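Student: Residue numbers (this note's numbering), protein chains in the order written: chain A, 343 to 731; chain B, 5 to 291; chain C, 86 to 366.
Treat the hints as calculated values from the structure; they're not laboratory data.
Quick caveat: nothing in here was measured; it's all calculated off a predicted structure.
Don't take every hint at face value.
Stretch-level coverage of chain B by chain C, calculated; a stretch enters the list once three of its residues show a Cβ under 8 Å from a Cβ in chain C [stated by the list, open to error]:
1) 16–27
2) 206–214
3) 258–267
Reference excerpt, derived from the structure (chain C facing chain B, CB under 8 Å, subset only) [claimed, not checked]:
4) 101
5) 111
6) 121
7) 178
8) 203
9) 204
10) 214
11) 232
Backbone N, C-alpha and C define an ideal beta-carbon position, used for all residues, glycine too.
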Amino acid sequence: MHGAQDRIGRSMAGEGRIELVGLYKRFGDGTVAVNDVSLLIEDGTYCCLLGPSGCGKTTILRMIAGHEMPTVGEIIIGGESVVGKSTRKRGTAMMFQNYALFPHLTVRDNVAFSLRVRGVGKAERYREADRVIEQVQLEALAARLPSQLSGGQQQRVALARAIIMKPRVLLLDEPLSALDEFLRLQMRSELREMQKRLGITFVHVTHTQLEAVAVADQVVVMEKGRIAQKATAHDIYIAPKNSYVARFMGGQNVLRGRLDALSAGFGTVRSAAGQRFRLALDGNSRTLGQDVLFAVRRDRVSLVRANSETQIPDNAVFGTVHEIEFQGTYVKVVVDLAATGNTIEPFVAYVEESAYFSDPIALGEEVIAAWQMAEARLLADFDGAANEA
Amino acid sequence: MRWPQLTPYILIAPLVLVLLLFVAGPLCAVVAVSFFRYDNFAIIPAFSLDNYLHLATTHLTYSLYLSMIYFSFLTWVFTFLIGFTIAYFLVFHVRNPLIGIGLFLVCTVPFWTSNVIRMISWLPLLGQQGIINRGLMSIGVIDHPFKFLLFSDFSVVVSYVHLFTIFMIVPIFNSMSRIDRALFEASVDAGSSRWQTVFLVVLPLCKSGIVLGSIFVITLVMGDFYVVKVMSGGARASIVSAMADDISTLLFPQAAANAVILMIIVVMMVTLILRIVDVRKELVAQR
Amino acid sequence: MQTRSDSRPWTFYALATFFALYVLFLYGPMICIFVLSFQGPQGALSFPMRGLSLHWFEDLISQTDTGDIHGAISRSIPLAIIVMAITVVVSVASGLAFRERFRGSGVIFYAALVSLVAPGYVLGIGIGLMFQLLGLQTDWYTSALGAQLTWTLPFGLLIMFAIFGRFNRAYEEAGRDLGADAGQVLRLVVIPIVLPGMIAVALFGFTLSYDEFARTLQTTGSTNTLPIEIWSMTTNVTSPVIYALGTVTTAFSFAVIIVSLSAIALIQRRRFGHARAGAGH
Numbered sequence: 343m344h345g346a347q348d349r350i351g352r353s354m355a356g357e358g359r360i361e362l363v364g365l366y367k368r369f370g371d372g373t374v375a376v377n378d379v380s381l382l383i384e385d386g387t388y389c390c391l392l393g394p395s396g397c398g399k400t401t402i403l404r405m406i407a408g409h410e411m412p413t414v415g416e417i418i419i420g421g422e423s424v425v426g427k428s429t430r431k432r433g434t435a436m437m438f439q440n441y442a443l444f445p446h447l448t449v450r451d452n453v454a455f456s457l458r459v460r461g462v463g464k465a466e467r468y469r470e471a472d473r474v475i476e477q478v479q480l481e482a483l484a485a486r487l488p489s490q491l492s493g494g495q496q497q498r499v500a501l502a503r504a505i506i507m508k509p510r511v512l513l514l515d516e517p518l519s520a521l522d523e524f525l526r527l528q529m530r531s532e533l534r535e536m537q538k539r540l541g542i543t544f545v546h547v548t549h550t551q552l553e554a555v556a557v558a559d560q561v562v563v564m565e566k567g568r569i570a571q572k573a574t575a576h577d578i579y580i581a582p583k584n585s586y587v588a589r590f591m592g593g594q595n596v597l598r599g600r601l602d603a604l605s606a607g608f609g610t611v612r613s614a615a616g617q618r619f620r621l622a623l624d625g626n627s628r629t630l631g632q633d634v635l636f637a638v639r640r641d642r643v644s645l646v647r648a649n650s651e652t653q654i655p656d657n658a659v660f661g662t663v664h665e666i667e668f669q670g671t672y673v674k675v676v677v678d679l680a681a682t683g684n685t686i687e688p689f690v691a692y693v694e695e696s697a698y699f700s701d702p703i704a705l706g707e708e709v710i711a712a713w714q715m716a717e718a719r720l721l722a723d724f725d726g727a728a729n730e731a
Numbered sequence: 005m006r007w008p009q010l011t012p013y014i015l016i017a018p019l020v021l022v023l024l025l026f027v028a029g030p031l032c033a034v035v036a037v038s039f040f041r042y043d044n045f046a047i048i049p050a051f052s053l054d055n056y057l058h059l060a061t062t063h064l065t066y067s068l069y070l071s072m073i074y075f076s077f078l079t080w081v082f083t084f085l086i087g088f089t090i091a092y093f094l095v096f097h098v099r100n101p102l103i104g105i106g107l108f109l110v111c112t113v114p115f116w117t118s119n120v121i122r123m124i125s126w127l128p129l130l131g132q133q134g135i136i137n138r139g140l141m142s143i144g145v146i147d148h149p150f151k152f153l154l155f156s157d158f159s160v161v162v163s164y165v166h167l168f169t170i171f172m173i174v175p176i177f178n179s180m181s182r183i184d185r186a187l188f189e190a191s192v193d194a195g196s197s198r199w200q201t202v203f204l205v206v207l208p209l210c211k212s213g214i215v216l217g218s219i220f221v222i223t224l225v226m227g228d229f230y231v232v233k234v235m236s237g238g239a240r241a242s243i244v245s246a247m248a249d250d251i252s253t254l255l256f257p258q259a260a261a262n263a264v265i266l267m268i269i270v271v272m273m274v275t276l277i278l279r280i281v282d283v284r285k286e287l288v289a290q291r
Numbered sequence: 086m087q088t089r090s091d092s093r094p095w096t097f098y099a100l101a102t103f104f105a106l107y108v109l110f111l112y113g114p115m116i117c118i119f120v121l122s123f124q125g126p127q128g129a130l131s132f133p134m135r136g137l138s139l140h141w142f143e144d145l146i147s148q149t150d151t152g153d154i155h156g157a158i159s160r161s162i163p164l165a166i167i168v169m170a171i172t173v174v175v176s177v178a179s180g181l182a183f184r185e186r187f188r189g190s191g192v193i194f195y196a197a198l199v200s201l202v203a204p205g206y207v208l209g210i211g212i213g214l215m216f217q218l219l220g221l222q223t224d225w226y227t228s229a230l231g232a233q234l235t236w237t238l239p240f241g242l243l244i245m246f247a248i249f250g251r252f253n254r255a256y257e258e259a260g261r262d263l264g265a266d267a268g269q270v271l272r273l274v275v276i277p278i279v280l281p282g283m284i285a286v287a288l289f290g291f292t293l294s295y296d297e298f299a300r301t302l303q304t305t306g307s308t309n310t311l312p313i314e315i316w317s318m319t320t321n322v323t324s325p326v327i328y329a330l331g332t333v334t335t336a337f338s339f340a341v342i343i344v345s346l347s348a349i350a351l352i353q354r355r356r357f358g359h360a361r362a363g364a365g366h
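Take the sequences, apply the hints, and build the full model.
Tutor: Structure (structure tokens):
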């Protein structure tokens, strides 16, 4: 591994530390792509900007790169403000979606491009390029043209091209979208490895939840130009703060009810259909009679058969099995909450595979889905369509 | 490239210069001279409508314009039918894209050679001693050579079609190749016959190509100066050859007036056609 | 089991025949005069072939009765080269300009279209008149040059529009990201990528100028270009030497075309033709 050598020239700690302060971007046609975003990305960490298309994540990336100017706000990299500075002076490098490899140049020429525009002589820049090409294990293909490479190989060239200048920040614009599923998983771990080896800050934009969670130290979930939550991958997935993140990440059910009773940090929530739920308030202050939203982990739900006469306990819902999907290690069971007749969101349980197949529940059967109080988590927001249980 | 605000203007300047000097300027000169008078030796700057009046009252003017419109229409019909069919074949029936491009180039190559030569190369073919007549006589189809093959309206239209079909093929080929194959298949799936698919799916989607091609063909025929004269054996003249005659006798103002009228009529024909499709959007892809 | 996947409908054969007939129609006449130009001294303007020799080609070179062919060629070729060069530069520049919206872009676009559809002869007259009114002499390297540009530039423009329309600006952004300034991006990224298009524009520029007739007629001044020379020959020459000239000049055009198309094909193959080889992660 060439780890030590890669850090030559980067003696100062914190050089790749990125601070976004009050970023705001409005485009010429009036759309506000980024709305008051503040974010701290520590040096040498892997940060993922995650969200659906149009949420502003790519715009933020491009502002950090210098390809867009913020309308308002500061961008500070390694302690210096970089707004208005050229890419060269920022110390950033970008890996483009679909790679944008120059089709008329060989791999070696592509990688050496940034040295060429700086006036470095041919022998020297080829030497440097070959060194980096070796790092990404493409020595055999150095004389090929991009059209002669596979998707994964092209990505490695794009990576080599970006890191040859020893940037302090590498920006990746949906780097894995152009690959098929199998390659995607493979390249994902290569990216993570590369980041650890180089020790620089990576900012990676994606719309794939599991990808973000797999590679990132810090995940920033975005919605319509704002940050919905920024936390470690674990917290984002297991402990989402609001219903948007809870729904977007996919591991939670979101339920709604009215706060009926409060006592010693715990609350009792009653749904419109009369179901009762108890959950910890975790220090959040709520008032009686308030509408609350809470999330329940899908993989911590147990299903038992029932009928309309069965007594529904606390911390449970009743409904009809609507859909069953095998997912390998677990079975996804979608329950239609028929109780109130106006379901907006079905309730989903991830049942462990062997548990399911020991006594499979069929489509159309009525079930009670129940959980432990500890698996329910209060959410910070009050609105949003949720289950009327 | 991030250009400073000024740069598109700098980049477009050479084109603007050429257009001003060699299109706008000359057209203004033509318009101006069309109002001039002339005597036996020189043209006299004036503002007179004499030339227009003269043109409007001469039978020759109307007969020339009508015959050119007649030729334009005939040429348009044939170039469209042939052009559309050829484009259709190249786009939908040729499977290997390389061969498709190759065949397309085969059609285009003559365009890059001299029109004058292409025109006169019909002479040994169509004449009474020409190869077609000889061939037909030798296999006994006819006893006497066809006279109409050369120096007739027929030969004029044949020559026009020979020269200008490529102007139909290229835009139609361009539009057609952009048609999503899936639309084609959806139509067949829905049970349409071949003809229905052509009329209901392909034809409407090629509109811009057809319009562009039509503009080319019609303006080229209307503005033609030598094909009519040569291929009709001097029996017919074109509007522009009448202009050339005027100029050879130094009657510039009259020729200029004729030119102005021709331009107006051509512009009218083109605007009429352009009402059907916004050509600019088709040609220039902008962000 | 019979595989029918490669069978073709009857319409394919019908259309293919139509295509073949069209190609025959297109090339037939040229082949005729090509053949006729090889007649012997007894040759006439029409069939049947009388003799077989290079007589008329010799006649062409020695120029006994054919006018100033050599002079015309000595003007046509340099003129075509100059027109080609100017057309390429101006078309690329204008194509780059048109990527942005700028004030007057609509007017200029339509003006270019007017330049294309206006009868060539009328523009020729106009230029001649304009020069006359300004007291300038019309000449092949001034007024004829300008007149031919009004024909070649719109074609060049249309081609560059098509090319830049498909051009992925991510390449430019990548170039900038890697530290290139605007000039370097143009020189090292944009131009190499649009090079095939530029060659196509050059081909159009050269051939359209070399064969241009109507616009040049009024603007060439006292000396002729080749097409005008050919034209005057049609009116006063009655021997197959004109066919010989036709054959020679068409052969020359073919050579130019083949060279350009080969260059384009070579570049495209080098850049995109090897997609199958070496693939695999």
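Student: Are there at least three residues in the segment 258–267 of chain B whose beta carbon sits under 8 Å from a beta carbon of chain C?
Tutor: With 5 residues in contact (Cβ-Cβ under 8 Å with chain C), the coverage given for the segment 258–267 of chain B holds.
Student: Return the status of the interface hint for residue 203 (chain C): holds when the least beta-carbon distance to chain B is below 8 Å, violated otherwise.
Tutor: Holds - the Cβ of residue 203 (chain C) comes within 8 Å of chain B, reaching about 7 Å at its closest.
Student: Examine the segment 16–27 of chain B for residues whose CB is less than 8 Å from any CB of chain C, and state whether their number is three or more.
Tutor: With 9 residues in contact (Cβ-Cβ under 8 Å with chain C), the coverage given for the segment 16–27 of chain B holds.
Student: Hey, does the residue 204 (chain C) contact hint survive, CB to chain B under 8 Å?
Tutor: holds (3 Å)
Student: Does the closest beta carbon of chain B sit nearer than 8 Å to the beta carbon of residue 232 (chain C)?
Tutor: holds (6 Å)
Student: Take the shortest C-beta to C-beta distance between residue 178 (chain C) and chain B; is it under 8 Å?
Tutor: With a closest approach of 4 Å, the residue 178 (chain C) hint holds.
Student: Three residues minimum, CB to CB under 8 Å: does the segment 206–214 of chain B make the cut for coverage by chain C? Let me know.
Tutor: It is violated, with 0 qualifying residues against the three required.
Student: Can we keep the residue 214 (chain C) interface hint, with Cβ of chain B closer than 8 Å?
Tutor: holds (4 Å)
Student: How about residue 101 (chain C): closest beta carbon in chain B under 8 Å, or not?
Tutor: Check passed: Cβ of residue 101 (chain C) comes within 7 Å of chain B, closer than 8 Å.
Student: Just to be careful: measuring from the Cβ of residue 121 (chain C) to every Cβ in chain B, is the smallest value less than 8 Å?
Tutor: holds (6 Å)
Student: Does the nearest C-beta of chain B fall within a distance shorter than 8 Å of the C-beta of residue 111 (chain C)?
Tutor: holds (6 Å)
In this structure, the one hint that does not hold is number 2.
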